[in-house]
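Engineer: Chain residues, written in single-letter form:
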Amino acid sequence: MEMTEAIVRAASAVGAGLAMIAGIGPGIGQGYAAGKAAEAVGRQPEAKGDITSTMLFGCAVAESTGIYGLVVAMILLFANPLI
Amino acid sequence: MNAPIPAPQVSGPQIFFTIPILGGIHITETIVNGWLVVAIISLVCFFLGRNLSTRNPSRRQIAVEKLVSMLSNLLQETMGKNNMFFLPYIGALFAYSMLSSLLGLTGLRAPTGDLNTTIGFALIAFFLIQFFNIKNKGFFGWLKGFSEPVFFLTPLNIISEIANPISMAFRHFGNIASGIVITSLIYYALASVSRLLIGWIPVIGSIPILQVGIPAFLSIYFDVFTSFLQAYIISMLTMVYVGGANEAQSE
Amino acid sequence: MEFVSIDTWTIIFTWINLIILMFVMKKLLFKPVMKMLAERENEVGSMYEKAESAQQNAEKLEGEYTQKLSEAKEEAARIMKDATDAANKKGEQIVFEAQQKASASILKAQKEIEREKLNAVSEIKKDIASIAVSVAEKVIEKDINEKDYERLVEEFIESSGEEK
Numbered sequence: 001m002e003m004t005e006a007i008v009r010a011a012s013a014v015g016a017g018l019a020m021i022a023g024i025g026p027g028i029g030q031g032y033a034a035g036k037a038a039e040a041v042g043r044q045p046e047a048k049g050d051i052t053s054t055m056l057f058g059c060a061v062a063e064s065t066g067i068y069g070l071v072v073a074m075i076l077l078f079a080n081p082l083i
Numbered sequence: 001m002n003a004p005i006p007a008p009q010v011s012g013p014q015i016f017f018t019i020p021i022l023g024g025i026h027i028t029e030t031i032v033n034g035w036l037v038v039a040i041i042s043l044v045c046f047f048l049g050r051n052l053s054t055r056n057p058s059r060r061q062i063a064v065e066k067l068v069s070m071l072s073n074l075l076q077e078t079m080g081k082n083n084m085f086f087l088p089y090i091g092a093l094f095a096y097s098m099l100s101s102l103l104g105l106t107g108l109r110a111p112t113g114d115l116n117t118t119i120g121f122a123l124i125a126f127f128l129i130q131f132f133n134i135k136n137k138g139f140f141g142w143l144k145g146f147s148e149p150v151f152f153l154t155p156l157n158i159i160s161e162i163a164n165p166i167s168m169a170f171r172h173f174g175n176i177a178s179g180i181v182i183t184s185l186i187y188y189a190l191a192s193v194s195r196l197l198i199g200w201i202p203v204i205g206s207i208p209i210l211q212v213g214i215p216a217f218l219s220i221y222f223d224v225f226t227s228f229l230q231a232y233i234i235s236m237l238t239m240v241y242v243g244g245a246n247e248a249q250s251e
Numbered sequence: 001m002e003f004v005s006i007d008t009w010t011i012i013f014t015w016i017n018l019i020i021l022m023f024v025m026k027k028l029l030f031k032p033v034m035k036m037l038a039e040r041e042n043e044v045g046s047m048y049e050k051a052e053s054a055q056q057n058a059e060k061l062e063g064e065y066t067q068k069l070s071e072a073k074e075e076a077a078r079i080m081k082d083a084t085d086a087a088n089k090k091g092e093q094i095v096f097e098a099q100q101k102a103s104a105s106i107l108k109a110q111k112e113i114e115r116e117k118l119n120a121v122s123e124i125k126k127d128i129a130s131i132a133v134s135v136a137e138k139v140i141e142k143d144i145n146e147k148d149y150e151r152l153v154e155e156f157i158e159s160s161g162e163e164k
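Chains as they are written, first to last, in the working numbering: chain R, 1 to 83; chain Z, 1 to 251; chain P, 1 to 164.
With the rest of the complex left out, here is chain R (with noise of 0.2 Å):
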C-alpha cells in the first residue's frame, strides 16, 4: 500500500509539473498583447491609461487558462483526491 501511495504522490508531482506547462500559452499571448499595447502607447500616447487599462483586463482574462493549470498544479500537490 505504501508503495501505492509513494506512486502516486510521484506521478502527482510530475503531473502538476506538466500541469504548469499551460503557463506558456498565457506568458506568450500576455506578452503579444503587451507589445501591442507598447505599439499603441508610442502611435497614441495621449490614450495611455485606456490602453493600459484594457491590456491589464485582457491580460487578465487571457490569463485563466495559466490559472487554470495552476490550480490544478495544486490540486494535484496539496489537496490531491487520489489519494
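Hints may contain errors.
[What the hints assert, rightly or not] Calculated cross-link-like contacts (lysine to any residue; reagent style SDA-like; alpha-carbon spacing at most 25 Å):
1. LYS31(P) to PHE46(Z)
2. LYS31(P) to LEU36(Z)
3. LYS35(P) to SER58(Z)
4. LYS66(Z) to VAL33(P)
5. LYS31(P) to LEU52(Z)
6. LYS48(R) to GLY29(R)
7. LYS26(P) to LEU37(P)
8. LYS26(P) to LEU74(Z)
9. LYS135(Z) to GLY243(Z)
10. LYS101(P) to ALA87(P)
11. LYS81(Z) to LYS35(P)
12. LYS60(P) to ALA72(P)
13. LYS81(Z) to ILE19(P)
14. LYS90(P) to SER103(P)
15. LYS27(P) to ASN83(Z)
16. LYS144(Z) to ILE158(Z)
Keep in mind the hints are simulated off the structure, nothing from the lab.
Given chain R, work out where chains Z and P should sit, using these hints.
Structural biologist: What follows is chains Z and P alone, placed relative to chain R:
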C-alpha cells in the same frame, strides 16, 4: 545539527469551530476574516461618508467624490444608464475583493484565497445573468437561447454558460492562492538559505534572518498589484456580463 | 480544511457578507455622496440662474436709464428752445415798440416842423407884404425908372410865387 525545517504547510483555511446545526456549519478562517473585512469597510465608509458639504470640500471629501464618480462613470460606460442601481453591489464587490486580498499582507489568510469566496462572487454574477436573461427574453425564450444558432450546439452553449462563473471563480482564487503558495514557498526557501549561510553561528543561526524584509518586495507584487487587478477584473467581468444580459431589454 | 474544497456555508456567508456590505456602502457612502453631488449641481444651476437674472435686470435698468437720460436731454433742449423763443419774441417786441415810438416821435417832429414852416411862411408873407409895402413906398417916394420897376415887380412875383 539543527532540527529539520518543517516542510511548507500549504493548507486550506482552518476551521475554528463548528455550529452543530444543519449538518454542521464550519466557521472557518475565511468566514471570520470576511467579517473582519466587512467591519473594516463599514468603518471606512462611515468615516468617508460623514460631514459632506456642497461647498469647501475637504481633501478627504474630494477623494471620496473622485472615487465615487470614477466608479459610477465606469458603471455607466460598461452597463448603461438603466443599470445604475448596481452601483452599491459593484462597489461592495470591489471593496470586499480588494480588501480581502490585501488582508494577506497582514499575515491573516485572505478570504479570496479560499475558492468558496470567489465561487460566491461568481455565482452571484451567474444568477444575475440568468435572472436578467429570463426576465428579458421570457422563460422559453431563455431556454431557446441555448439551442442557437443550431440545435446540436445546445450542450456546448450550456457548458460555455457554466464555464463563465467557474472561470471567474478560479481566476480570482488562483491568483490569490498562488500568491499564498509562493509566499510560503519563499519563506521555506529563505529559511533554508539562511540556515545554510549562518546556521553554524550558535544563537543567531536559529533565527532565519533572510526572512525579514525580502518577502515584502514580493508581496508587493503578489498581494498589492494582484489584489487591485483581480478586484478590478471581477467587478469588470460582473459588470460586462450582467450589463450584457440586461441590455437586450433596453434595445 | 483542504486547500481546494467547496463548502456551501462559506459561500452562503460570503453572500451574506456581500449583501451586508452592499447595504452598508449604499447607506453610508453612495447615498450621501450622490445626494451631495446632486445638491451641488442644483446649487450651481441656481447660481447660474441667479446670475443670469441679475444680468438681465441690469440690462433692463441700463435701458431704462438710457431712455430717461435721453428724455431729460430732450426736455432740456425743449426748455432751452422755449426760453430762446420767448427771449427772441420779447426782443422783437421791444424793438418793435422802440421803432413805433421812434416813428411816432418822427411823425411828431415832422408835424412840428410843418407847423413851424407854416408859421414861418405866414410870417414871411407878412414880412413880404410889409417889405412890398415899404418897397412900394420907397418906389413911390423915389423916381424909379421903367426898368427898375419892371424888375421889382418881377422879383416880387417870383418870390411870392416861390412862397406859395
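Engineer: Are the Cα atoms of LYS81(Z) and ILE19(P) separated by 25 Å or less?
Structural biologist: 22 Å, holds
Engineer: Quickly compare the C-alpha distance for LYS35(P) and SER58(Z) to 25 Å and report which way the hint goes.
Structural biologist: Holds, at roughly 17 Å.
Engineer: Taking 25 Å as the top limit, are the C-alpha atoms of LYS101(P) and ALA87(P) close enough?
Structural biologist: Given pair LYS101(P), ALA87(P) holds - Cα atoms ~21 Å apart, limit 25 Å.
Engineer: So if I understand the rule, the pair passes when the alpha-carbon distance is 25 Å or less; does LYS27(P) with ASN83(Z) pass?
Structural biologist: Roughly 18 Å between the alpha carbons, so the hint for LYS27(P) and ASN83(Z) holds.
Engineer: Taking only the CA atoms, is the gap from LYS135(Z) to GLY243(Z) under or equal to 25 Å?
Structural biologist: 13 Å, holds
Engineer: For LYS26(P) and LEU74(Z), compute the direct alpha-carbon distance and say whether it is at most 25 Å.
Structural biologist: Answer holds: LYS26(P) to LEU74(Z) is near 17 Å, not above 25 Å.
Engineer: Would the pair LYS31(P) and LEU36(Z) pass a check requiring their Cα atoms to be no farther apart than 25 Å?
Structural biologist: 23 Å, holds
Engineer: Straight-line Cα separation of LYS60(P) and ALA72(P) no greater than 25 Å?
Structural biologist: 18 Å, holds
Engineer: Hint check: LYS66(Z) vs VAL33(P), CA-CA at most 25 Å. Holds or violated?
Structural biologist: Roughly 10 Å between the alpha carbons, so the hint for LYS66(Z) and VAL33(P) holds.
Engineer: Would the hint linking LYS48(R) and GLY29(R) be met if the CA-CA limit is 25 Å?
Structural biologist: This hinted pair holds, its Cα atoms lying about 20 Å apart.
Engineer: Decide if the proposed pair is consistent with the structure: LYS26(P) and LEU37(P), CA atoms, cutoff 25 Å inclusive.
Structural biologist: Holds, at roughly 15 Å.
Engineer: Is the Cα-Cα distance between LYS31(P) and LEU52(Z) 25 Å or less?
Structural biologist: 11 Å, holds
Every hint, counting from the list given before, is met by this structure.
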